[in-house]
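Engineer: Sequence:
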Amino acid sequence: MKKILNGELTNESSLKAVPLTIDFFKQPTLDLAKSLLGCLLVKETDEGVTSGFIIETEAYTGPEDQAAHSYNNRRTARTEIMFAEPGHIYTYVMHTHCLVNIVSGPKDKPEAVLIRAIEPFSGIELMKKRRGITDLKNLTNGPGKLTKAMGISMADYGRSVCEPPLYICTGIQPAGISQGKRIGIDNSGEARDYPWRFWETDNPFVSRHRKRI
DNA sequence: TGGATGATGGCCT
DNA sequence: GGCCATCATCCAA
Numbered sequence: 125m126k127k128i129l130n131g132e133l134t135n136e137s138s139l140k141a142v143p144l145t146i147d148f149f150k151q152p153t154l155d156l157a158k159s160l161l162g163c164l165l166v167k168e169t170d171e172g173v174t175s176g177f178i179i180e181t182e183a184y185t186g187p188e189d190q191a192a193h194s195y196n197n198r199r200t201a202r203t204e205i206m207f208a209e210p211g212h213i214y215t216y217v218m219h220t221h222c223l224v225n226i227v228s229g230p231k232d233k234p235e236a237v238l239i240r241a242i243e244p245f246s247g248i249e250l251m252k253k254r255r256g257i258t259d260l261k262n263l264t265n266g267p268g269k270l271t272k273a274m275g276i277s278m279a280d281y282g283r284s285v286c287e288p289p290l291y292i293c294t295g296i297q298p299a300g301i302s303q304g305k306r307i308g309i310d311n312s313g314e315a316r317d318y319p320w321r322f323w324e325t326d327n328p329f330v331s332r333h334r335k336r337i
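The first sequence runs 125 to 337 under this note's numbering.
Please keep in mind that the hints were generated in silico from the structure rather than gathered at the bench. Each hint should be verified, as a subset may be incorrect.
Stated by the list, open to error - Under the rule of at most 16 Å between Cα atoms (straight-line distance), these lysine to aspartate or glutamate pairs were calculated in the EDC-like manner:
1) K272 - D155
2) K261 - D280
3) K233 - D259
4) K253 - E188
5) K272 - E287
6) K272 - D170
7) K233 - E188
8) K272 - D259
9) K150 - E188
10) K305 - D317
11) K150 - D232
12) K233 - E204
13) K231 - E249
14) K261 - D170
15) K252 - E171
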């Protein structure tokens, strides 16, 4: 609809996106959270391929961030992958929904970027079928919604985000980037007010629930 | 082994 | 804006 990319992506029927390489994910977590805006998230399954532009992220900056699962170097079966090299996929379940993060920071520094919303690009009918709705605006405008729409699950935990079935490709630069407080972390002391949520300014697919600026 | 706890979403008023 | 379904995960015991 809105975006024509790089000469690589043209339209829904000719999606030939090339995954970003590992070096892209080695930048500092706050930078990565911003750099990921506009990139294309792609998931391949037996049912088909779905993709969308990342338009909202949150940074979780490791042991010093009280809102992070890895706060104080808390190391459990769930957070183990956060201690690995950047570019791994960290999925976890909360309230019956699966949320997807990209591990960042150097090995043994447990940081991650949460993908909170995407703008649907390809496989839209499949995403509607999985979500059981037809309204495009509500298809992927939340961290639990987008994983259900794209078929992202705990089966993706620990995978590399540089190769199928779940990977990220170059997209286009967002027209503008807005920044604000992270969502749903009110029980995190001072960290609740850190402005580490980023989104593409005015993009209609940004999550609206529990809005905080 | 069980109780507490959510980086949510959907429905209600 | 408020309420709550629902379950993987963690940790105390």
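Engineer: What are the numbers of the hints the structure violates, in ascending order?
Structural biologist: Numbers 1, 2, 3, 4, 5, 9, 13 and 14 - these are the hints that the structure violates, sorted from lowest upward.
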